[in-house]
Amino acid sequence: MRKAILLALASILAACGGEIQSDSGYEDAHAAAVTAMDIATEKGHAWTTSDQLIEDAAKAAAEGDETLAILLADEARVHAELAVVQADNEAATWHDRVISE
Amino acid sequence: MIRIKYMLVIACGILFADFAHADPEADRQALVNYYQNRFPNVELQEYANGLYAFDENAREQWLEMEDFPPYEIAIEEGEEYFNTPFANGKGYADCFESGGIGIRQNYPHFNAALGEVVTLELAINQCRKANAEEALPYLEGELVAISAYMSFTSRGNMIDVQIQDDDPRALAAYEAGKQFYYSRRGQLNFACSNCHAQSAGSSLRADRLSATLGQATHWPVYRSKWGDVGTLHKRFRECNEQVRARPLEAQSKEFRNLEYFLSYMSNGLELNGPASRR
Numbered sequence: 000m001r002k003a004i005l006l007a008l009a010s011i012l013a014a015c016g017g018e019i020q021s022d023s024g025y026e027d028a029h030a031a032a033v034t035a036m037d038i039a040t041e042k043g044h045a046w047t048t049s050d051q052l053i054e055d056a057a058k059a060a061a062e063g064d065e066t067l068a069i070l071l072a073d074e075a076r077v078h079a080e081l082a083v084v085q086a087d088n089e090a091a092t093w094h095d096r097v098i099s100e
Numbered sequence: 000m001i002r003i004k005y006m007l008v009i010a011c012g013i014l015f016a017d018f019a020h021a022d023p024e025a026d027r028q029a030l031v032n033y034y035q036n037r038f039p040n041v042e043l044q045e046y047a048n049g050l051y052a053f054d055e056n057a058r059e060q061w062l063e064m065e066d067f068p069p070y071e072i073a074i075e076e077g078e079e080y081f082n083t084p085f086a087n088g089k090g091y092a093d094c095f096e097s098g099g100i101g102i103r104q105n106y107p108h109f110n111a112a113l114g115e116v117v118t119l120e121l122a123i124n125q126c127r128k129a130n131a132e133e134a135l136p137y138l139e140g141e142l143v144a145i146s147a148y149m150s151f152t153s154r155g156n157m158i159d160v161q162i163q164d165d166d167p168r169a170l171a172a173y174e175a176g177k178q179f180y181y182s183r184r185g186q187l188n189f190a191c192s193n194c195h196a197q198s199a200g201s202s203l204r205a206d207r208l209s210a211t212l213g214q215a216t217h218w219p220v221y222r223s224k225w226g227d228v229g230t231l232h233k234r235f236r237e238c239n240e241q242v243r244a245r246p247l248e249a250q251s252k253e254f255r256n257l258e259y260f261l262s263y264m265s266n267g268l269e270l271n272g273p274a275s276r277r
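Each protein sequence line maps, in turn, to chains A and B.
For the first sequence, numbering that gives the first Met the number 0 assigns the number 0 to the initial residue and increments by one for each residue that follows.
For the second sequence, numbering that gives the first Met the number 0 assigns the number 0 to the initial residue and increments by one for each residue that follows.
Keep in mind that the hints were calculated from the coordinates and are not lab data.
Glycine included, C-beta positions come from ideal geometry on N, C-alpha and C.
Partial pick of chain B residues on the chain A-facing surface, computed with a CB cut under 7 Å:
| # | residue |
| --- | --- |
| 1 | L30 |
| 2 | Y33 |
| 3 | Q178 |
| 4 | Y181 |
| 5 | R184 |
| 6 | G185 |
| 7 | Q186 |
| 8 | S192 |
| 9 | A196 |
| 10 | R243 |
| 11 | R245 |
With the sequences and hints as input, model every part of the structure.
Here it is as structure tokens:
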């Protein structure tokens, strides 16, 4: 079960990785990350990794390294998207884990 | 006709499912059985001592630490705060049953008027607000000391968390806490139960892992790592962070529901707070 979830997470990670668009700027990447993070937060499942990545992205942007800033913001978004997948998956399956006899 | 039959089956399934999940006493008994099967030599009350129920060496060091309890100052300060009147002349004793002495076992409870779980720490701040005093911070300082003093006066009392069966909201709060405990979170994808149920008694880095039973009996706790006393919700936050989940706020509704579930699992154990841990 756990392996299956990890595999699913890994393949989503790969899929999301493929989505990264280098033509849109840091602002877009940042906005997309914030949107995904807000959804994860609302579901009570936010990851600290996203928080750190988005902070690092802002730092890179402030230092004028737009390429790195976009990369980091995209990664923050991917982590947030994974957190949302986790939240939905857990909402559906947590019962299976309860010790009941 | 067939369709109606299907719908009935589904409806019954949903009803039955809800019914099956909403039996706190069965949940608690299942956990007791689970741990007692795995650790037949550990007495039930021993779980109130957390990881020291499993770890002989750590237990000896801990008992030595308890000779000069590091939480003693917090109890003394807490007593002083507790007995210092508010600006309006009233005090904490006026807010609580029995003048606030020996009543920790009444918390957490589901407050029907509020429609939410009330923990002792929340009640302390409710008392302040009712007397036109500012709320205190939840993670350290005065409020934690007051909580420590109130725990101290309640030592030996039996935990007996009630979940009103005539109020579905109480059961829903319990279920929400249970869901929290059994849900994986954070980048590391761990549920509380992965560590404290499946892996209870096993080592994680320097520590053995405590069991779910007894996790709510002894708060606040003085931790060497904190160099201070802290509340159960501070510990929740740290356990969130360990798995790279963003911690929720102390006394958030989610954490109060979690405390409600966790305390129910400690029903039948004696309160033994405040306590010390590494």
